Amino acid sequence: MDVTSRLEWHPLLKDPTACRSVKPRTSGKTMVMDKGMGLHAFEDLLQTSAPYIDLLKIGFGTTPLYPTGLLKRKLELARQNQIAIMPGGTFLEVAVAQGAVPDFFDTIRLLGFSAVEVSDGTIELERNLRNELIHRGRDSGLTVFTEYGKKLWGSTIDVEQLLETVLIDVQQGATLVTIEARESGTGVGIFDANGLCRDEELHCIVSQLPDPGRILWEAPQKQQQIYLLKALGSSVNLGNIAPHDIYSLESLRRGLRSDTFQFPQK
Amino acid sequence: MDVTSRLEWHPLLKDPTACRSVKPRTSGKTMVMDKGMGLHAFEDLLQTSAPYIDLLKIGFGTTPLYPTGLLKRKLELARQNQIAIMPGGTFLEVAVAQGAVPDFFDTIRLLGFSAVEVSDGTIELERNLRNELIHRGRDSGLTVFTEYGKKLWGSTIDVEQLLETVLIDVQQGATLVTIEARESGTGVGIFDANGLCRDEELHCIVSQLPDPGRILWEAPQKQQQIYLLKALGSSVNLGNIAPHDIYSLESLRRGLRSDTFQFPQK
Amino acid sequence: MDVTSRLEWHPLLKDPTACRSVKPRTSGKTMVMDKGMGLHAFEDLLQTSAPYIDLLKIGFGTTPLYPTGLLKRKLELARQNQIAIMPGGTFLEVAVAQGAVPDFFDTIRLLGFSAVEVSDGTIELERNLRNELIHRGRDSGLTVFTEYGKKLWGSTIDVEQLLETVLIDVQQGATLVTIEARESGTGVGIFDANGLCRDEELHCIVSQLPDPGRILWEAPQKQQQIYLLKALGSSVNLGNIAPHDIYSLESLRRGLRSDTFQFPQK
Numbered sequence: 004m005d006v007t008s009r010l011e012w013h014p015l016l017k018d019p020t021a022c023r024s025v026k027p028r029t030s031g032k033t034m035v036m037d038k039g040m041g042l043h044a045f046e047d048l049l050q051t052s053a054p055y056i057d058l059l060k061i062g063f064g065t066t067p068l069y070p071t072g073l074l075k076r077k078l079e080l081a082r083q084n085q086i087a088i089m090p091g092g093t094f095l096e097v098a099v100a101q102g103a104v105p106d107f108f109d110t111i112r113l114l115g116f117s118a119v120e121v122s123d124g125t126i127e128l129e130r131n132l133r134n135e136l137i138h139r140g141r142d143s144g145l146t147v148f149t150e151y152g153k154k155l156w157g158s159t160i161d162v163e164q165l166l167e168t169v170l171i172d173v174q175q176g177a178t179l180v181t182i183e184a185r186e187s188g189t190g191v192g193i194f195d196a197n198g199l200c201r202d203e204e205l206h207c208i209v210s211q212l213p214d215p216g217r218i219l220w221e222a223p224q225k226q227q228q229i230y231l232l233k234a235l236g237s238s239v240n241l242g243n244i245a246p247h248d249i250y251s252l253e254s255l256r257r258g259l260r261s262d263t264f265q266f267p268q269k
Numbered sequence: 004m005d006v007t008s009r010l011e012w013h014p015l016l017k018d019p020t021a022c023r024s025v026k027p028r029t030s031g032k033t034m035v036m037d038k039g040m041g042l043h044a045f046e047d048l049l050q051t052s053a054p055y056i057d058l059l060k061i062g063f064g065t066t067p068l069y070p071t072g073l074l075k076r077k078l079e080l081a082r083q084n085q086i087a088i089m090p091g092g093t094f095l096e097v098a099v100a101q102g103a104v105p106d107f108f109d110t111i112r113l114l115g116f117s118a119v120e121v122s123d124g125t126i127e128l129e130r131n132l133r134n135e136l137i138h139r140g141r142d143s144g145l146t147v148f149t150e151y152g153k154k155l156w157g158s159t160i161d162v163e164q165l166l167e168t169v170l171i172d173v174q175q176g177a178t179l180v181t182i183e184a185r186e187s188g189t190g191v192g193i194f195d196a197n198g199l200c201r202d203e204e205l206h207c208i209v210s211q212l213p214d215p216g217r218i219l220w221e222a223p224q225k226q227q228q229i230y231l232l233k234a235l236g237s238s239v240n241l242g243n244i245a246p247h248d249i250y251s252l253e254s255l256r257r258g259l260r261s262d263t264f265q266f267p268q269k
Numbered sequence: 004m005d006v007t008s009r010l011e012w013h014p015l016l017k018d019p020t021a022c023r024s025v026k027p028r029t030s031g032k033t034m035v036m037d038k039g040m041g042l043h044a045f046e047d048l049l050q051t052s053a054p055y056i057d058l059l060k061i062g063f064g065t066t067p068l069y070p071t072g073l074l075k076r077k078l079e080l081a082r083q084n085q086i087a088i089m090p091g092g093t094f095l096e097v098a099v100a101q102g103a104v105p106d107f108f109d110t111i112r113l114l115g116f117s118a119v120e121v122s123d124g125t126i127e128l129e130r131n132l133r134n135e136l137i138h139r140g141r142d143s144g145l146t147v148f149t150e151y152g153k154k155l156w157g158s159t160i161d162v163e164q165l166l167e168t169v170l171i172d173v174q175q176g177a178t179l180v181t182i183e184a185r186e187s188g189t190g191v192g193i194f195d196a197n198g199l200c201r202d203e204e205l206h207c208i209v210s211q212l213p214d215p216g217r218i219l220w221e222a223p224q225k226q227q228q229i230y231l232l233k234a235l236g237s238s239v240n241l242g243n244i245a246p247h248d249i250y251s252l253e254s255l256r257r258g259l260r261s262d263t264f265q266f267p268q269k
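Residue numbers (this note's numbering), protein chains in the order written: chain V, 4 to 269; chain F, 4 to 269; chain E, 4 to 269.
So that you can see chain V by itself, here it is in the shape it has in the complex:
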């Protein structure tokens, strides 16, 4: 498969590609949510889309549901394709609730994960423990992503708290801070019950952050991806993307779909 030749095969495509960096990217990252893909589907995803995926999340607490050999094979394939891979934050939250944090880090390192998500979407997490989890992640050789936001329906964002969380998490060693939107993208974080973005809050967050590029916005719905791409630019970091929507999102980033048709002309 001549992956290297893709996008270069014709002058027609020079412009649309101009707006897009290659891996390892420092911006324009895409994070996929994996809800239990088998090996054929996973190979399909890598063969079509590896250059467009920076990070993959083994969703919620599904990690222990896999046959160990199959999961290890997925992690190995991700690594070969320069895709960071982490268990969903809920799995770590289960470990915290069960007092099994050291076991958790041993386990995911042995399985072959390259990243970890530190979140408090369901449990309460004191700052001290949050810091400890970030440090444990880094000490285990993992890239650390933290998350801001509760998973409860109707949860909203406390902008000041979010700004402080991003600041300290990054100081403590987090690479990016994810903003919670769940698999659905409705009634949580910056999105209202219909999945529409709360414009004022978004503006407030972005204008006050010293480096908005440190945020990875969960945005599972197409309308949300378009909204954030238009508001924050085509190299915004987006996450919780379904595997079957990667080509759609990549088209949106490059002005190859109607909704962002003007992008390459900028």
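Because the hints were derived from the structure by calculation, they are not lab data. Note that the structure is predicted; figures quoted are calculated from it, not measured. Don't take each hint at face value.
Subject to a maximum C-alpha distance of 25 Å in a straight line, what follows is the list of computed DSS-like cross-link-like pairs (lysine-lysine) [claimed, not checked]:
hint : chain 1 : residue 1 : chain 2 : residue 2
1    : E       : Lys233    : F       : Lys38
2    : E       : Lys38     : V       : Lys233
3    : F       : Lys225    : V       : Lys38
4    : F       : Lys233    : V       : Lys38
5    : V       : Lys38     : E       : Lys38
Far from chain F by the CB rule (all over 10 Å, computed), these chain E residues [as the list claims (entries may be wrong)]:
hint : residue
6    : Pro27
7    : Lys38
8    : Thr71
9    : Arg76
10   : Gly102
11   : Ala103
12   : Arg112
13   : Leu113
14   : Glu129
15   : Ser143
16   : Gly157
17   : Cys207
18   : Ser210
19   : Arg217
20   : Ile218
21   : Ser254
Calculated Cβ distances over 10 Å to all of chain F for the following chain V residues [said to hold, decoys possible]:
hint : residue
22   : Leu49
23   : Leu80
24   : Leu170
25   : Asp214
For every residue, glycine included, the Cβ atom is placed at its ideal position computed from N, Cα and C.
Dock chains F and E against chain V, hints included.
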């Protein structure tokens, strides 16, 4: 693939697994609706999820759309993985409408189905014929599932009729009685136009049934699965689950997703 | 795989198949929208569904996102299975906007596409240029599909303009004219914000067209497929069907699903 080792690989996971029985299960059954999966997708499903699937339905009347060899291969793989497999009830209803009931049973036995669904979602079915279909199923060596409920938009449940149907169907030889919710889960059975569960009706049914464990609730939407798991316990029988939602549902059953996080602590 | 034997394996199925022609069809065509399927998923689709798919669209501008070898393999497999294959109209619109029309036609012919879609869903397209694109398509040996309708949310249909467009496009060499409904099927063309069909407009279009069979209706939602099948007959041309909905649509066409159960009895 060391399937047997899954879930046992670490003490961390001891608690979440405690709430879950292994196949063949007498409760906590999961039924998948298959809308036409090819062999690669089917193999993926079995490799990742065979321990979590008890029953698979070749949806609606799609059975004759398959190349015969491919369908036989799917049925064989299901059998090898201890998954009962049946054609959607609509296919039998087509046979009834065409006066081809004996042909129907010959055909599905030859193809390798191990179960059958007797339903009247579209046609009217007299009790006598309903009994005959249950008996024919059992005489053909098939596990018999019956279904209660009409498929028409806005159909609701007549609780008394349902209770009587369950009682007689089980007497006649049905293993479980499915409650109709279609592929969509909206505007039918116990679910309203928005897919929300009619609480009163559910309570009424469950409190009056001698054995509520004889019911398999079709619940295609995540919110419906959560509702029923919380109302009836993590070992409720659930059906019409999309193949890509099996890991999500299994996480919900085990307290590995935010919405049922409290489950293992019970 | 004994594809030829499917549907013929039992007398029970004689009736439902009676309503359906075989490929190459002159009516009852089904067009699939492909959002980036990998090879395993594509093989699955062909093995289960090749007889039911007449045309496949490599959605929007995703064509250049593929590794070249993989895309060529998909086009080759489509050709072997008598499925016409075209890039989404947006890709040609990008070429028009970038002044790269001759390059576009060279490229897609070299890749192995067998059809092309000429559309103005996003850009404005003068009649002269529209004619030229139709002619270029035919001169390149491609089957030409044109499209009527804007992609902008809230776009509606100008019936007179549509009638004129269909008439001239067909005169100029288009095989079929697609009516825009996007991937979502909401707030565009004949569908309102809830995806419901504007009955009056549909009736108006169909009654005034000399040959309504020249239309291919994009209808991604199940309710839309049912509506059009009931209004225009089971051999209406339907498009933008998701790959996982092909068996459902084919069941609807043949009276093998509740919503069109009466079909074979007609």
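Which hint numbers doesn't this structure obey? 21
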